[in-house]
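> Chains as they are written, first to last, in this note's numbering: chain A, 262 to 441; chain B, 262 to 441; chain C, 262 to 441; chain D, 262 to 441; chain E, 262 to 441; chain F, 262 to 441.
Be careful, since some hints might not be right.
[What the hints assert, rightly or not] Here are the simulated DSSO-like pairs of lysine-lysine, each with C-alpha atoms no more than 27 Å apart in a straight line:
id, chain 1, residue 1, chain 2, residue 2
1, D, Lys365, C, Lys415
2, D, Lys369, E, Lys369
3, D, Lys300, E, Lys440
4, E, Lys440, F, Lys365
5, E, Lys440, E, Lys300
6, B, Lys300, B, Lys440
7, B, Lys300, A, Lys440
8, A, Lys440, A, Lys415
9, F, Lys415, E, Lys415
10, C, Lys365, D, Lys365
11, E, Lys365, F, Lys415
12, D, Lys369, C, Lys440
Note that these hints are calculated values from the structure, not bench results.
There are 6 protein chains.
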Amino acid sequence: MILMVNGFACKNPSLVQADDFYFDGLRMRGNTSNAVGSKVSLVTVEQVPGLNTLGISMARVDYEPGGLNPPHVHSRATELFTVLEGTIEVGFVTSNPENRFITKVLQKGDVFVFPFRLVHFQRNIGNTNALAISTLSSQNPGIVTIANAVFGSKPDISTDVLAKAFQTSNEVIENLQFKF
Amino acid sequence: MILMVNGFACKNPSLVQADDFYFDGLRMRGNTSNAVGSKVSLVTVEQVPGLNTLGISMARVDYEPGGLNPPHVHSRATELFTVLEGTIEVGFVTSNPENRFITKVLQKGDVFVFPFRLVHFQRNIGNTNALAISTLSSQNPGIVTIANAVFGSKPDISTDVLAKAFQTSNEVIENLQFKF
Amino acid sequence: MILMVNGFACKNPSLVQADDFYFDGLRMRGNTSNAVGSKVSLVTVEQVPGLNTLGISMARVDYEPGGLNPPHVHSRATELFTVLEGTIEVGFVTSNPENRFITKVLQKGDVFVFPFRLVHFQRNIGNTNALAISTLSSQNPGIVTIANAVFGSKPDISTDVLAKAFQTSNEVIENLQFKF
Amino acid sequence: MILMVNGFACKNPSLVQADDFYFDGLRMRGNTSNAVGSKVSLVTVEQVPGLNTLGISMARVDYEPGGLNPPHVHSRATELFTVLEGTIEVGFVTSNPENRFITKVLQKGDVFVFPFRLVHFQRNIGNTNALAISTLSSQNPGIVTIANAVFGSKPDISTDVLAKAFQTSNEVIENLQFKF
Amino acid sequence: MILMVNGFACKNPSLVQADDFYFDGLRMRGNTSNAVGSKVSLVTVEQVPGLNTLGISMARVDYEPGGLNPPHVHSRATELFTVLEGTIEVGFVTSNPENRFITKVLQKGDVFVFPFRLVHFQRNIGNTNALAISTLSSQNPGIVTIANAVFGSKPDISTDVLAKAFQTSNEVIENLQFKF
Amino acid sequence: MILMVNGFACKNPSLVQADDFYFDGLRMRGNTSNAVGSKVSLVTVEQVPGLNTLGISMARVDYEPGGLNPPHVHSRATELFTVLEGTIEVGFVTSNPENRFITKVLQKGDVFVFPFRLVHFQRNIGNTNALAISTLSSQNPGIVTIANAVFGSKPDISTDVLAKAFQTSNEVIENLQFKF
Numbered sequence: 262m263i264l265m266v267n268g269f270a271c272k273n274p275s276l277v278q279a280d281d282f283y284f285d286g287l288r289m290r291g292n293t294s295n296a297v298g299s300k301v302s303l304v305t306v307e308q309v310p311g312l313n314t315l316g317i318s319m320a321r322v323d324y325e326p327g328g329l330n331p332p333h334v335h336s337r338a339t340e341l342f343t344v345l346e347g348t349i350e351v352g353f354v355t356s357n358p359e360n361r362f363i364t365k366v367l368q369k370g371d372v373f374v375f376p377f378r379l380v381h382f383q384r385n386i387g388n389t390n391a392l393a394i395s396t397l398s399s400q401n402p403g404i405v406t407i408a409n410a411v412f413g414s415k416p417d418i419s420t421d422v423l424a425k426a427f428q429t430s431n432e433v434i435e436n437l438q439f440k441f
Numbered sequence: 262m263i264l265m266v267n268g269f270a271c272k273n274p275s276l277v278q279a280d281d282f283y284f285d286g287l288r289m290r291g292n293t294s295n296a297v298g299s300k301v302s303l304v305t306v307e308q309v310p311g312l313n314t315l316g317i318s319m320a321r322v323d324y325e326p327g328g329l330n331p332p333h334v335h336s337r338a339t340e341l342f343t344v345l346e347g348t349i350e351v352g353f354v355t356s357n358p359e360n361r362f363i364t365k366v367l368q369k370g371d372v373f374v375f376p377f378r379l380v381h382f383q384r385n386i387g388n389t390n391a392l393a394i395s396t397l398s399s400q401n402p403g404i405v406t407i408a409n410a411v412f413g414s415k416p417d418i419s420t421d422v423l424a425k426a427f428q429t430s431n432e433v434i435e436n437l438q439f440k441f
Numbered sequence: 262m263i264l265m266v267n268g269f270a271c272k273n274p275s276l277v278q279a280d281d282f283y284f285d286g287l288r289m290r291g292n293t294s295n296a297v298g299s300k301v302s303l304v305t306v307e308q309v310p311g312l313n314t315l316g317i318s319m320a321r322v323d324y325e326p327g328g329l330n331p332p333h334v335h336s337r338a339t340e341l342f343t344v345l346e347g348t349i350e351v352g353f354v355t356s357n358p359e360n361r362f363i364t365k366v367l368q369k370g371d372v373f374v375f376p377f378r379l380v381h382f383q384r385n386i387g388n389t390n391a392l393a394i395s396t397l398s399s400q401n402p403g404i405v406t407i408a409n410a411v412f413g414s415k416p417d418i419s420t421d422v423l424a425k426a427f428q429t430s431n432e433v434i435e436n437l438q439f440k441f
Numbered sequence: 262m263i264l265m266v267n268g269f270a271c272k273n274p275s276l277v278q279a280d281d282f283y284f285d286g287l288r289m290r291g292n293t294s295n296a297v298g299s300k301v302s303l304v305t306v307e308q309v310p311g312l313n314t315l316g317i318s319m320a321r322v323d324y325e326p327g328g329l330n331p332p333h334v335h336s337r338a339t340e341l342f343t344v345l346e347g348t349i350e351v352g353f354v355t356s357n358p359e360n361r362f363i364t365k366v367l368q369k370g371d372v373f374v375f376p377f378r379l380v381h382f383q384r385n386i387g388n389t390n391a392l393a394i395s396t397l398s399s400q401n402p403g404i405v406t407i408a409n410a411v412f413g414s415k416p417d418i419s420t421d422v423l424a425k426a427f428q429t430s431n432e433v434i435e436n437l438q439f440k441f
Numbered sequence: 262m263i264l265m266v267n268g269f270a271c272k273n274p275s276l277v278q279a280d281d282f283y284f285d286g287l288r289m290r291g292n293t294s295n296a297v298g299s300k301v302s303l304v305t306v307e308q309v310p311g312l313n314t315l316g317i318s319m320a321r322v323d324y325e326p327g328g329l330n331p332p333h334v335h336s337r338a339t340e341l342f343t344v345l346e347g348t349i350e351v352g353f354v355t356s357n358p359e360n361r362f363i364t365k366v367l368q369k370g371d372v373f374v375f376p377f378r379l380v381h382f383q384r385n386i387g388n389t390n391a392l393a394i395s396t397l398s399s400q401n402p403g404i405v406t407i408a409n410a411v412f413g414s415k416p417d418i419s420t421d422v423l424a425k426a427f428q429t430s431n432e433v434i435e436n437l438q439f440k441f
Numbered sequence: 262m263i264l265m266v267n268g269f270a271c272k273n274p275s276l277v278q279a280d281d282f283y284f285d286g287l288r289m290r291g292n293t294s295n296a297v298g299s300k301v302s303l304v305t306v307e308q309v310p311g312l313n314t315l316g317i318s319m320a321r322v323d324y325e326p327g328g329l330n331p332p333h334v335h336s337r338a339t340e341l342f343t344v345l346e347g348t349i350e351v352g353f354v355t356s357n358p359e360n361r362f363i364t365k366v367l368q369k370g371d372v373f374v375f376p377f378r379l380v381h382f383q384r385n386i387g388n389t390n391a392l393a394i395s396t397l398s399s400q401n402p403g404i405v406t407i408a409n410a411v412f413g414s415k416p417d418i419s420t421d422v423l424a425k426a427f428q429t430s431n432e433v434i435e436n437l438q439f440k441f
């Protein structure tokens with residue numbers, strides 16, 4: 262019988278192997294040829310079974326020059342972000358009613374914190390590729406990319422709702438929805 | 262000496278009064294004369310000191326016809342939503358990569374769940390005022406209204422970042438930022 | 262294979278439907294024709310599968326004039342109580358050694374907190390039916406009704422034990438046990 | 262400056278002494294000359310400062326022959342009960358709607374579990390003094406003794422409420438309240 | 262279908278029996294004829310199914326004169342230790358960088374706390390057998406005995422690693438590994 | 262008034278600055294001129310106030326050739342370990358009774374998990390300096406270095422205790438204690 266914990270198989274401790282705790286998928290650069298010029302390569306419980314219940318995961322993030330990891334929130338995690346190569350602008354916005362925008366330019370070796378579930382982004386503002394390691398305080402952090410969730414859901418949220426929410430015309434909204 | 266727990270004063274148990282657990286601020290209709298036509302009246306640990314550490318809070322939400330409680334996420338809470346008057350369309354979007362839009366039309370007495378930190382909204386689609394009670398699984402749930410966080414932060418997120426994230430022109434973004 | 266979490270089925274996220282998060286069972290008045298003149302209609306993970314792991318649930322409580330929701334404790338929840346119709350006296354008793362009785366009369370729109378697992382009750386002291394919404398900080402709050410647990414268990418707790426605990430005669434205890 | 266955690270002082274780790282983790286108050290028998298013939302001597306964070314935040318506490322319970330530790334619930338703890346001397350009948354009642362009474366007679370060395378916040382009691386059914394050690398899964402478990410909370414609160418819960426809850430006459434209730 | 266919670270079967274509440282919450286295995290003295298002269302008899306979720314999810318467990322510890330419960334840490338628990346017979350020296354070491362050694366001699370009835378996951382031990386320094394009850398703040402506390410983990414793992418940690426860690430020669434390490 | 266949470270100051274959200282979430286101390290190589298040839302540079306709540314309550318922290322670990330991060334446990338954290346430069350052997354030992362030694366050689370870009378509170382170590386087995394990033398699932402993970410805790414405590418654990426625990430002579434133990 263297979264035991265399931267949090268929806269993932271839970272191995273008998275006497276059968277675990279080193280490979281249950283190991284992942285070599287970060288050796289290679291992620292493919293950044295896409296609309297935003299960045300690529301997030303995750304290491305969560307899906308890639309490393311031994312992470313289950315251990316409350317932590319991570320990601321390698323590659324950026325081409327100008328590449329953006331667009332505004333998103335993590336459903337279940339704080340993020341600790343370390344720059345390994347390049348110069349990266351980071352920022353997050355505090356919750357209502359302040360909505361303060363906190364931002365910083367990071368160099369190689371710098372660390373920045375994105376607190377639990379606030380909207381945040383990173384952008385490579387240098388002339389070369391950039392690379393960062395993100396660590397997340399959950400084995401299954403969840404990602405809600407704002408633009409995708411709002412303008413790219415399946416099916417679409419009705420244009421009226423979004424036009425009112427963003428205080429703009431239906432036409433602008435339809436244009437945005439068309440892109441996603 | 263005043264003891265602080267979670268940043269709020271913690272009364273000596275032998276001094277608590279019934280009023281520390283009581284709130285009459287929901288007796289009156291909220292003022293919905295604003296851009297979105299809805300008003301959220303919160304009952305959290307700020308209004309009711311006795312809620313501190315108890316892990317729950319609530320809100321009364323009033324809507325005029327067409328009124329929208331715009332897309333938002335709660336930083337620390339699931340929401341249980343009950344319609345008391347009117348007909349309300351509700352919806353939420355699941356996290357990446359599916360971004361499924363789950364929606365429903367609710368009548369008086371209906372209950373709907375907005376799971377932890379997914380983007381969700383409600384809209385009064387009837388011809389009369391609507392009223393709902395929201396309950397939240399934290400005494401301090403936190404609210405991140407998407408449009409405010411993205412287009413209305415102080416200072417502004419740079420136009421370049423948002424244009425790339427929403428795959429639109431700087432002009433459209435500047436227009437949106439101007440509204441907030 | 263069906264995944265179970267907390268003893269309830271956990272659906273594949275790509276298969277969830279709006280109805281997994283929806284409940285219309287609160288549309289109708291509960292039947293209060295019983296010994297205490299009140300009826301609790303629950304909305305927990307048993308009625309709404311989507312509540313599983315989300316840490317919240319609720320109930321509609323109907324009261325006829327004089328109706329009582331008798332003294333009880335919730336095993337795993339704080340309760341946030343809102344009066345929708347009528348005038349309701351509420352109260353709870355703090356833990357040993359104080360045993361202070363904290364009480365209040367609530368009108369329509371008033372909110373009251375019953376802290377984690379203290380003995381509490383509500384009573385309709387008006388001349389008309391009353392209605393309230395209770396929200397609970399657990400998807401599976403548990404209810405221990407004092408009179409039922411003490412005098413109505415199956416099998417009975419021995420009369421000697423209860424006579425000593427309540428400092429009364431075996432005859433009084435047998436009478437009370439007979440009612441439940 | 263004194264740091265407070267959970268309302269108790271939190272010593273600088275470099276200043277803690279062995280005595281912060283030590284308690285000799287269980288060396289002596291508790292005084293059981295009272296209405297129920299038992300005495301609970303607690304070891305919680307109030308007696309042992311080093312227990313703060315550590316999530317555990319304990320009690321020595323002494324019983325004279327026939328002595329009863331009357332029906333009660335712990336607000337924040339499961340209890341693990343070990344008999345050191347004598348023969349003790351124990352029992353707990355499961356929550357609504359079953360209200361099953363689970364009971365057992367324990368001898369020296371036997372262990373029994375009282376699950377989180379269910380009503381439970383113990384009684385010395387032997388002819389000699391009995392002694393037990395209770396351990397509780399919280400540094401501050403909280404005790405709600407049913408009879409005290411219901412009939413001995415200050416001020417009294419109104420007689421009408423209790424008469425209806427226990428389905429008996431006001432006279433019986435007044436008699437019970439008078440004892441506490 | 263059998264529900265599993267935390268990897269252990271979770272009975273239907275209506276089928277639980279008193280014996281699911283009961284254990285008589287502490288009635289007898291543990292066998293202390295071994296290299297360290299002590300014996301730990303555990304009562305965890307493995308012995309008492311009803312402990313599952315309840316966050317507590319316990320052990321009886323027997324010691325012959327001079328018997329040692331050698332330095333160990335519990336992976337998931339604070340320990341509350343009560344002496345029932347004899348005179349026991351106890352101690353724990355605080356974490357880096359202080360590494361303070363906190364120690365005390367306990368008599369019958371004395372209680373001592375071993376905080377979450379610090380290295381600790383107990384030793385019978387009297388001339389007679391000693392007996393203690395340990396309670397642990399987890400139903401599945403985990404035990405890492407230092408000497409076994411470091412010198413007795415299967416397969417061995419390489420001699421070089423341990424020689425450097427303990428700043429001694431390979432020969433001393435090989436000798437220690439040979440014993441375990 | 263300064264609010265304290267977990268023993269650290271908790272800033273008013275409207276006063277936080279980007280620098281509360283930022284740390285540049287990882288830009289430089291740690292000094293590995295010490296007995297074990299490695300250096301751990303921490304980024305916890307002590308270095309980055311904004312980490313408080315966020316449940317995560319990290320460290321940069323530098324190793325000279327042959328350098329060892331000696332066997333240790335983290336009191337409150339799982340560790341996710343990523344090699345940035347060099348070839349590093351890692352290992353951990355499972356808890357009693359198995360004490361299995363799980364080991365792996367990692368190259369640049371490889372990730373390995375050290376589960377909650379098991380004894381683990383890393384060693385640079387290449388000919389060049391090595392560098393790794395460790396992330397820990399607590400803002401205040403705690404470190405118990407085995408050799409320091411057992412042989413280097415202040416004051417010393419008595420020689421008799423350790424000789425029995427490690428099944429060796431008092432002379433060997435005294436030698437080990439002398440080194441620390």
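> Determine for every hint whether it applies to the structure shown.
Quick rundown of the hints versus the structure:
1. D/Lys365 / C/Lys415: holds (14 Å)
2. D/Lys369 / E/Lys369: holds (17 Å)
3. D/Lys300 / E/Lys440: Judged against 27 Å, a Cα distance of about 49 Å means the pair is violated.
4. E/Lys440 / F/Lys365: OK: lysine 440 of chain E and lysine 365 of chain F at ~26 Å, within 27 Å.
5. E/Lys440 / E/Lys300: holds (19 Å)
6. B/Lys300 / B/Lys440: holds (19 Å)
7. B/Lys300 / A/Lys440: With Cα atoms ~32 Å apart, lysine 300 of chain B and lysine 440 of chain A exceed 27 Å; violated.
8. A/Lys440 / A/Lys415: holds (13 Å)
9. F/Lys415 / E/Lys415: Violated, because 31 Å separates the two Cα atoms, which is more than 27 Å.
10. C/Lys365 / D/Lys365: violated (41 Å)
11. E/Lys365 / F/Lys415: Holds, at about 15 Å.
12. D/Lys369 / C/Lys440: Violated, at about 37 Å.
Violated hints, in rising order: 3, 7, 9, 10 and 12; the structure is consistent with all others.
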